[in-house]
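Go ahead and model the full structure; you've got the sequences and the hints to work with.
Chains V and L, in that order, are what the protein sequence lines are.
Positions 30 to 407 (my numbering) are the ones given, in order, by the first sequence.
Positions 30 to 407 (my numbering) are the ones given, in order, by the second sequence.
One should not assume that every hint holds.
Identical copies go unnamed one by one, so any copy, or any two together, can satisfy a pair.
What the hints assert, rightly or not - The calculated lysine to aspartate or glutamate pairs, modelled on DMTMM-like cross-linking and capped at a C-alpha distance of 20 Å, are:
{"#": "1", "residue 1": "Lys183", "residue 2": "Glu334"}
{"#": "2", "residue 1": "Lys330", "residue 2": "Asp186"}
{"#": "3", "residue 1": "Lys330", "residue 2": "Asp376"}
{"#": "4", "residue 1": "Lys44", "residue 2": "Glu156"}
{"#": "5", "residue 1": "Lys384", "residue 2": "Asp39"}
{"#": "6", "residue 1": "Lys291", "residue 2": "Asp127"}
No wet-lab data here; the hints were simulated from the structure.
Since the structure is predicted, the reported quantities are computational estimates derived from the model, not experimental observations.
Protein chains: 2
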Amino acid sequence: MAGVGMTKVDRHYDKGFQELAHMAVKNLLNDVKECSPKAIVVGNMLSSSLYQQDSLAALVADAIGLRGKGGFKVEAACGSGGYAVATGYALVASGLYDQILVVGLEKMADYPTSSVTLALAQAADFEHEAIYGASFVALNALVMRLYMHRYEAKREDLALWPVRMHEYGSKNPYAQLRNRITVEDVLRSAVVADPIRLLDSAPVGDGAAAILLASEDVIRKITDTPIQVAGIGLGGDSLDLSSREDLLKPTSILTASEKAYKMANAEPRQIDIAEIHDAFTITALLSIEGMGFANFGEAWKLVREGRFAAGDRPSINLSGGLKARGHPVGATGVYQVAEVAMQLRGDFPGVKVSKAEIGVAMNTGGVVTLTSVIVLRR
Amino acid sequence: MAGVGMTKVDRHYDKGFQELAHMAVKNLLNDVKECSPKAIVVGNMLSSSLYQQDSLAALVADAIGLRGKGGFKVEAACGSGGYAVATGYALVASGLYDQILVVGLEKMADYPTSSVTLALAQAADFEHEAIYGASFVALNALVMRLYMHRYEAKREDLALWPVRMHEYGSKNPYAQLRNRITVEDVLRSAVVADPIRLLDSAPVGDGAAAILLASEDVIRKITDTPIQVAGIGLGGDSLDLSSREDLLKPTSILTASEKAYKMANAEPRQIDIAEIHDAFTITALLSIEGMGFANFGEAWKLVREGRFAAGDRPSINLSGGLKARGHPVGATGVYQVAEVAMQLRGDFPGVKVSKAEIGVAMNTGGVVTLTSVIVLRR
Numbered sequence: 030m031a032g033v034g035m036t037k038v039d040r041h042y043d044k045g046f047q048e049l050a051h052m053a054v055k056n057l058l059n060d061v062k063e064c065s066p067k068a069i070v071v072g073n074m075l076s077s078s079l080y081q082q083d084s085l086a087a088l089v090a091d092a093i094g095l096r097g098k099g100g101f102k103v104e105a106a107c108g109s110g111g112y113a114v115a116t117g118y119a120l121v122a123s124g125l126y127d128q129i130l131v132v133g134l135e136k137m138a139d140y141p142t143s144s145v146t147l148a149l150a151q152a153a154d155f156e157h158e159a160i161y162g163a164s165f166v167a168l169n170a171l172v173m174r175l176y177m178h179r180y181e182a183k184r185e186d187l188a189l190w191p192v193r194m195h196e197y198g199s200k201n202p203y204a205q206l207r208n209r210i211t212v213e214d215v216l217r218s219a220v221v222a223d224p225i226r227l228l229d230s231a232p233v234g235d236g237a238a239a240i241l242l243a244s245e246d247v248i249r250k251i252t253d254t255p256i257q258v259a260g261i262g263l264g265g266d267s268l269d270l271s272s273r274e275d276l277l278k279p280t281s282i283l284t285a286s287e288k289a290y291k292m293a294n295a296e297p298r299q300i301d302i303a304e305i306h307d308a309f310t311i312t313a314l315l316s317i318e319g320m321g322f323a324n325f326g327e328a329w330k331l332v333r334e335g336r337f338a339a340g341d342r343p344s345i346n347l348s349g350g351l352k353a354r355g356h357p358v359g360a361t362g363v364y365q366v367a368e369v370a371m372q373l374r375g376d377f378p379g380v381k382v383s384k385a386e387i388g389v390a391m392n393t394g395g396v397v398t399l400t401s402v403i404v405l406r407r
Numbered sequence: 030m031a032g033v034g035m036t037k038v039d040r041h042y043d044k045g046f047q048e049l050a051h052m053a054v055k056n057l058l059n060d061v062k063e064c065s066p067k068a069i070v071v072g073n074m075l076s077s078s079l080y081q082q083d084s085l086a087a088l089v090a091d092a093i094g095l096r097g098k099g100g101f102k103v104e105a106a107c108g109s110g111g112y113a114v115a116t117g118y119a120l121v122a123s124g125l126y127d128q129i130l131v132v133g134l135e136k137m138a139d140y141p142t143s144s145v146t147l148a149l150a151q152a153a154d155f156e157h158e159a160i161y162g163a164s165f166v167a168l169n170a171l172v173m174r175l176y177m178h179r180y181e182a183k184r185e186d187l188a189l190w191p192v193r194m195h196e197y198g199s200k201n202p203y204a205q206l207r208n209r210i211t212v213e214d215v216l217r218s219a220v221v222a223d224p225i226r227l228l229d230s231a232p233v234g235d236g237a238a239a240i241l242l243a244s245e246d247v248i249r250k251i252t253d254t255p256i257q258v259a260g261i262g263l264g265g266d267s268l269d270l271s272s273r274e275d276l277l278k279p280t281s282i283l284t285a286s287e288k289a290y291k292m293a294n295a296e297p298r299q300i301d302i303a304e305i306h307d308a309f310t311i312t313a314l315l316s317i318e319g320m321g322f323a324n325f326g327e328a329w330k331l332v333r334e335g336r337f338a339a340g341d342r343p344s345i346n347l348s349g350g351l352k353a354r355g356h357p358v359g360a361t362g363v364y365q366v367a368e369v370a371m372q373l374r375g376d377f378p379g380v381k382v383s384k385a386e387i388g389v390a391m392n393t394g395g396v397v398t399l400t401s402v403i404v405l406r407r
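Written out as structure tokens, the structure is:
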């Protein structure tokens, strides 16, 4: 990985896809000595359903001065960004191209919540879930209820995660939500789908993040601080929840992380820094357990004990996570990889750890249905 | 490439995404000794806009007995399929996975033409073209008008292409249109967007095609007749037509084919068999010229002279092309690669050539905006 650039996640009402991509790539250009990718991979979920716009790779190429470069969009619902990075890696590592630009790009905030909720429900199984009115948050609420019941976790215990995320978000200039909150704020916030409350949920926001990937042959011309993509794993699960054996065993995360750790020759306990997918509080807990950072049913206890905070191993979501950095859905996975890379380089502009050697980014689409895990090394 | 399978392109009103994918993969299983891909890449354009369904990789995995496999969708409008194959190649060639399943999958025929036309317009620039009523066929009509004017080609000359495609389609059991037509039929058919008539246009249809890609290490366990992916090139052009220097110089095809030929160490005159993107008659001509099979402005003359027919070098679109085999948009590129592979193996069930050594598949999205070129060798 040769360089990164991103925009603040925000309600960018005055900016289109092209402007957002341009802002992120402009920041990327300040991060590298040279940038001449031969093709572009765009991570995006909603451009078709909300903006009637396909062919996003061409739109982005036009916006950033790369007209004539081929490319395509990668879509795996909210997991699109991580898969886009994995695809970019494969295009370079296969020898097809020596530089690939990956842009995570999403606009959502122009639309009212009802439209966004409908569009996000496309991540679920339309025929078996969405058509019956099961929104994406409703499906996650079922899982959270089961988690609380089986593991005897209290609602107030599960409020600690978003409180911590807002604390980190308040220090991250790229974060959408910069305000601090308390456990009481979480418990008093509106019920979205019981037991999920507003402050358990990632906000709706627009954003773009860009990463330049390059082969070993050319990377020293581009940067003095390359970050190695050491491991990649892709995992899946049944699309509809009713087909799953156990809603609290996130098969897709287990599969993807096992593969990624093995390829990187790393173990969970060696990871210094992680960005995980906390679209809802329950998603954070499943992710922590699926990644092997906690035993099943114990993530909430470890969070209560203060684990995974800045300086712990791993330190998790120092960006503020999806909860506070924001979750421009198809772009999120690219943000995560960029943030982990900056932590490894030591130049992340928010809360950071020192001397991190190994980091991991975990991004998922659907109710932990399509997951990618990417291990980075300094 | 280890094996291929496809469904007849048709108006599959009674089949959903899962049934179509299942049919194609079932045929693939009859083509290989073993099939155990670790991840799935789906080529698709319209699932989100027409069917409110994202996360297609998980939907397909569930349908074909591969639950738990990770994957994602690749979208580049009508060029999605070719890019999906290119992505599958990269995932294998990078060493990430030793087997990857690529499924091209599209459903369109359930919807009335007006809805399909609107959805296909997403391939164009929404802000600069589609919103002003420029449908996808209207944009291609502008290009066809210019071609006829600059190169002094007559309308009846340009009717020869679809006549030939229907002839080939009549012999291909997987083709949507099996009827033969005449030049008079083309000239008398309804005007869609002058000068494009109905019989210049690919039909609306549903279909699925599957390809299993495998590394050199494992491919002999899977098949005795592997086909080598020898070259891949990706190319692009400005999304909106008004930004292009010359509408008759298809930059995206020129870029992609140059790269793919170079990687395959092949020249256009060496190609035995080709499947090119003839969504409209004008697209066939631009593709033939862009691929280096004819000089600019001369493809229509060569077609009139009988060139590119079965037995010529290259023989082009013996499947019947998009025009007659059909054009389930995001799946088409996978059909093309499968057809070229079968021609090289000598077991294509329609019109075929003997002893073909090198073949090429060329697929594009938008008005030749996002193109992939894939060279195969026996």
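Against the structure, the hints:
no.: 1; hint: Lys183 - Glu334; verdict: within (14 Å within a copy, 79 Å between copies)
no.: 2; hint: Lys330 - Asp186; verdict: within (8 Å within a copy, 76 Å between copies)
no.: 3; hint: Lys330 - Asp376; verdict: neither (31 Å within a copy, 61 Å between copies)
no.: 4; hint: Lys44 - Glu156; verdict: between (34 Å within a copy, 13 Å between copies)
no.: 5; hint: Lys384 - Asp39; verdict: neither (30 Å within a copy, 59 Å between copies)
no.: 6; hint: Lys291 - Asp127; verdict: between (25 Å within a copy, 15 Å between copies)
When each numbered hint is compared with the structure, violations occur for hints 3, 5.
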